[in-house]
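Visitor: So the chains spell out like this:
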Amino acid sequence: MLYNPPSPLETKVLSRRFGLPDSAAIGTYLATDGYQAFLKASKMTPAQIIDEIKASNLRGRGGAGFPTGMKWSFVPRTSPKPKYIVVNGDEGEPGTCKDRVLMENDPHSLIEGCLIAGLAVDAHAGYVYIRGEYRYLIEILEKALAEAYAKGWLGKNIQGTGFDFDLYAHTGAGSYECGEESALLESLEGKRGVPRIRPPFPAVSGAFQCPSVLNNVETFCAVPHILLGGGKAFADLGVPKAGGTKLTALSGHINRPGVYELRLGFPVRQLIEEVGGGIPNGKKLKAFIPGGSSCPILTAAECEGATMDYDSMASRKSMLGSGGVIIMDEDTSMVKVGLRLMRFYSHESCGWCIPCREGTTWLTKIMTRFYDGNGSRADIDLLGDIAKNMLGRTFCPLGDAAALPMISLVEKFRDEFEDYLKGKRREETSGRLVTV
Amino acid sequence: MPDPVKFTIDGLALSAPPGTSVIDAAKKAGIEVPSFCYYEGLTLVAACRMCLVEVEKMPKLMTACTLPVAEGMVVRTNTPQVHTARKYMLEFLLTNHPLDCPVCDKGGECELQDMAFRYGAGESRYTETKVHTPEKQFSPVVFFDAPRCILCYRCVRVCDEGMGVKALGVVSRGVVSEIAPNHGDHLECDECGACIDICPVGALTSGTYRYQTRPWEMTHVGTICTHCSDGCKTTLGTRNDRILRGNNRDRSGINGEFLCIKGRYGFDFYDHPDRLQAPLVRKDGKLEEVSWSEALAAVANKFQQVLGEEGSFGIIGSNHTTNEENYYLQKFARQVLGTNNIDHHRTGDVVTTLDALSGKTGKLATVADLYRAKAVLVLGADLALEHPLLSFQIRANYRHHQAHVYVVTANPVREDKYAAAVVRGRDYASLAARLKAEPDLAILFDDSYKGDDIRAVVEFGEQLGIPVKYVPLVDRSNSRGAVDMGLTPELLPGYQPSGQPGLHYDEMAAADLSVLWVVGANPLKAGASRKAGFLVVQDMFLTETAAQADVVLPAACAYEKNGTVTSGTGELQRIERAVNTMGAKADLEIIGYVAREMGAAAKMGPWTPDAVFQEIRGAVRGYNVPMPVLVTGGAAGTTPINGRVAADARPDLVRSDHNGLFASGTLGRYSKILNSVVESRQSR
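Protein chains in written order, with numbering that gives the first Met the number 0: chain A, 0 to 435; chain B, 0 to 683.
Don't read these hints as lab results, they were simulated from the structure.
Only a predicted model underlies this, so the values are computations on that prediction, with no experimental measurement involved.
There may be inaccurate statements among the hints.
[What the hints assert, rightly or not] Below, simulated DSS-like cross-link-like pairs (lysine-lysine); rule was C-alpha separation at most 25 Å, straight line:
no. : chain 1 : residue 1 : chain 2 : residue 2
1   : B       : Lys86     : A       : Lys387
2   : B       : Lys129    : A       : Lys364
3   : B       : Lys59     : A       : Lys411
4   : A       : Lys387    : B       : Lys59
5   : A       : Lys364    : B       : Lys86
6   : B       : Lys416    : A       : Lys190
7   : B       : Lys56     : A       : Lys387
8   : A       : Lys316    : B       : Lys56
All chains should be modelled from the sequences, with the hints used to inform the complete structure.
Guide: Okay, structure coming up:
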């Protein structure tokens, strides 16, 4: 089921089956080159598979953008321990809703991606960790897995290749922190969802202390296309240091919100104006979150000339992140944005480390007080200072994810915070933003 | 040994073995890196973020606890960035911490206070409301005050890793994360209190110590726990002649920080309301309080009279009393009363073990050996319940050195969980092939192995072809010392044969003796009536035996006297007086006064612990330990004999009480805390 009509500006690679009748069914999948990439990969050596992925310039789609081929090459193939494939489907980043569309419309491409990863690192079992709130996806995925087993695309000696692979769907319990890879592994193992000390990284010691490949849903879904079309062709879709397309979830004050597959390097202006159909009621852009709420917020001015890729965003001191774009128009109250974000992070902080646990809560309390009209000028400095004291000192990136938007808010929109104190409160014209 | 790694911390050129953490390396170099969650011996959690240091070429501050030293690494702990990080980490911690230090048990010895004092954050910018939850009681021992908790997870880890119990966990998330007990609202655990002592703040407090005192008002006395034979050092905090708490936070003693419920809280029998505080003499069939002089005269006169009539004496000693008292008592029996009718409750067959090991050196494993041995074989005993320190040592050995633990017991024991092999029953011989492959081995056995069983175990151990050490387990704080001091009818101090063995424990309790003198024992516990013509009992309480006595002399407990005791693993340690109970006297003094009354003082020599110990040093092999070790609170290993024991070891007399964690023979009945734990379990 699709949530939005496609845009002519899209480059349909991962989403090419979206909209086909019964797109999630194995019949549809097989009729459209399904599992052919696996058969191709089964005739390749693991090194060849990994080289193909490296050639594609595929970078992790979960947010950090780590080169996938390199990550796979870190798995010690010679280790006597079993190896595991783990799919991060804990899509919790506010503003991001791309993985669920993939799992819903094309679950078999995820399964095939896992199979190919299994071939590459000699793994014979995998887990798809699905966000707890995505209950309905479990059914869809379980059905796809059953189909794959029934048709011999999972299980023992898959299609006579001699390769065995089992894949399991596992649901989280509703914790944002479990989207962090090591916390996900803890949760997968049945423990409390708190992050692990790294190193060792999952490639060496992941699920059940065994070498594991852990990638985002979108990353795995890209793998069959890379194997079929060749790494170079995939790389050419993007920009020099990052290949392929990116599913971008457009939300906020925009006429046509939705998930769109765009080449990496797609211009931000075009994204807003043409793909998204502009801002409702002809309002002006005020702020732009490029990749989920954890990324520093960009002002309209900073968006000038920006493109949707890692380097362009990094040069603006933000991140491409997970591709969850949030558009805010000129009437948005940045104070309310700050409050909403901090509420999210303090609610989701796992509590493991001091700066995140106490920092996010403190920020939320100040923002609440500030929003209620009991703030002071000193609070504005304090907000920035607390966030800076958290930045880079927390156990896992959740603390940074809370600190970065806070810092950008008080630095870039300080005037608005000060105006708010003077009583010039900007009430939102649209209620949609606060539903992140 | 791999080559050491060279690095610098604050400009100091240092080297350390690869794998050393920066925090440890800094500590060794005398540079303090503050931390809450890092704790020596426990796994890393890196949660408190206090140990952040600057490392050259690293973009962010790094946690010194998780960072291993590397060649050429340049670490700085004394920079503005590090100072700021520490200060604001404390500010974060204090945001939700209730500043109830004036009424907090931990005030004065709180790590959070100390850190705030040293690293700033004395002023807080926090003006919001604090998260508050009411205090909870987890068990008779453990109280939890969640708002004070800084979530360093030390308690969770010490319970899981240290004790092997895993009774504490964390529930909820974010700022309302809380430490929680294993059974809903309460704990079912060893009640050892390790979680309380390891808590850096006042979040976990003890049911016995809370709101009793300020820490700086106490005097701290390091002594040895009087319950089981493991010989744990417990540091008693006292004020106004009252013991307020026990712990061993300074890690002195063979137990380091370890203590079980008995060592930490089980001292409380000393001020039980039933404690005897005046001598009792039977008058018209009833025991009446009299003065010490009257009671001593009654005993001495009776002893003189029976001596004159050539009547019979029987003496039953204790396995709680000191070596000095035991030595002095047997000397009195043999030299003044002229009898070998002297015995104590034997709880392990030490005599056969020593005899079987005759001629070999270094064969008795110490507590430290159990932490270092590459392999450990446990025969019969449920160590976690009966010898918690030894169990802790073996568990630590497994965690830190991956020691192989072999368990041969009748029933499941806690060691099973990580054992290399488990055999139910007694067929240890089936492990021979695996044991032969070990580099060395320590074998522990309880009283289910005695006499020929022990000879077979020793023979088995010696044919393995690897270095093997042994531990014959015994019950009480000085069970081992009682045998060493010749508190048996067949052996003199140092395992010299007595020539003519007298009556043993059970025989004396049942014989028609003219006089039975019981010092710190309860032979009529089972309800038998006395047979002796005259019964003298020295005890703290009116036990079943004391209730039948003609004269009861109130004795001081182990925490009210000086002397030495020998642990089951042979460590000789000093006990030190912590408090006084009015009216009670140390057994040594009482025996001395009886001797004086009888005019035998000169023959017996002075009844001060030091003087008697000097005599022991000359008389018993192995007790000639270096005095500096002993007087500074150290433990000195003893091997009281190395040759055949030329007497019948009487394995038939050996029987252990197999007391678990919440029982301690007759003494355990008078401990409020042990009883309250048992009662709270029964009431569920």
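Visitor: Now tell me if each hint is right for this structure.
Guide: Here is how each hint holds up against the structure:
1. B/Lys86 to A/Lys387: 13 Å, holds
2. B/Lys129 to A/Lys364: Since the Cα atoms of B/Lys129 and A/Lys364 sit roughly 10 Å apart, the hinted pair holds (cutoff 25 Å).
3. B/Lys59 to A/Lys411: Roughly 24 Å separates the two Cα atoms, so the pair holds.
4. A/Lys387 to B/Lys59: 13 Å, holds
5. A/Lys364 to B/Lys86: 21 Å, holds
6. B/Lys416 to A/Lys190: 19 Å, holds
7. B/Lys56 to A/Lys387: 21 Å, holds
8. A/Lys316 to B/Lys56: Satisfied, since the Cα-Cα distance of roughly 21 Å is no more than 25 Å.
When held up to the earlier numbered hints, the structure conflicts with none and fits them all.
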